[in-house]
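> Sequence:
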Amino acid sequence: MASVLDIRGLSHRIGDRPVLQDVSLDVAAGEIVGLLGPNGSGKSTLLGLLTGRWRPAPGTVRFEGEAMEGVRRRFAAQLGVVFQQPALDGKLTARQNLRLAAMMHALPAAEAAARIAEGLADAELTERADEPVETFSGGMRRRLDVARALLPRPRVLLLDEPTTGLDEASFRALWGRLLPRIRERRLAVLVATHRPDEAARCDRLLLLHGGRVVREATPEALLQEVGRDLVVLHGDEPDAIARRVAEWDGALAVERVGGEVQIVCEDGPTLLPAVLAQFAAGEIAMAALRRPSLADAFARLTGETLDGDATPGEALAS
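The numbering of the sequence shown is this note's numbering, which starts it at 46 and goes up by one.
Keep in mind that the hints were calculated from the coordinates and are not lab data.
Misleading hints may appear alongside valid ones.
Unchecked claim - Now the in silico label distances, taken between C-beta atoms and shown as ranges:
(1) R62 <-> A155: 43 to 53 Å
(2) A166 <-> P314: 28 to 38 Å
(3) R246 <-> A319: 18 to 28 Å
(4) E179 <-> A158: 34 to 44 Å
(5) D352 <-> D212: 15 to 25 Å
Yeah, the Cβ is synthetic: ideal placement off N, Cα and C, and Gly gets one too.
Can you make the complete structure from the sequences, with help from the hints?
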């Protein structure tokens, strides 16, 4: 599958500090590639390099097979961006914001009107099209911002933490509208996120840690890597809990992740009651059984949570 966007050996420094180190990736038409990592992992820096905020040194970027240096203007015309903060004027109405975007891309009047109407409908804002954006909820602003980014029919769409601050209903609604457009228009999409549920909607993921790619795989492959059940324990003495359960036959691996102890096992429903029976009342404040998530995969591969907290130590048994 031919790449719309191809990045090789991209690096960037701020002063003497490397913030992106030798990152390579490609994105094909109709594909969603996710950059999963906590704040400070280099996700937004990578998107900033692509939008021209900084120039990479070293590294190469190719758009539709051509070096970016020779096609930067064409790339800019084919690029849609959703920033962490909506790029909207709160004093203008929803319709006026989209009209401004159409003017910036020099769309003919009739075509602009049709696309604006379509964008408002996609964002479910037709009834509020002539109200100031400053009166909108966060979810409404996000939907309008996505409509703004899609208005010029871009080939490449960059999404920088597009659902930050949204509740679960707004999150699902935004992606429910966005995914069909991505597939229908065969957009090449690069999304930066720290949300496991957002990462799960990507076709491929790059796990970024300290500005480096530590793993590239599909969400399904990452979950298989950390598969099996997880028995999760919370208590006042997590280190002591971890040391005790690390010696048990049913524990394939025992890890401290943040303030919890995670026991990787084949048969969680059997192990959980057996574990609890070994502790006195009050030693375990909370116990749960769950399947591993992409957050668990990230923590296991990097030693850091997606909230940016270091996990205290390596696996105690494996």
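> Decide, hint by hint, whether the structure agrees.
Status of the hints after comparison with the structure:
1. At about 50 Å, the beta-carbon gap between R62 and A155 stays in the expected band of 43 to 53 Å.
2. Evaluation of the 28 to 38 Å hint for A166 and P314 yields a failure: the beta carbon distance comes to about 47 Å.
3. Remark: the range hint 18 to 28 Å for R246 to A319 is contradicted by a beta-carbon distance near 37 Å.
4. One distance hint, 34 to 44 Å for the beta-carbon pair E179 and A158, is violated here, with the actual separation near 24 Å.
5. A hinted range of 15 to 25 Å for the beta carbons of D352 and D212 is consistent with their spacing of about 18 Å.
Hint compliance for this structure: hints 2, 3, 4 are not met, and every other hint is.
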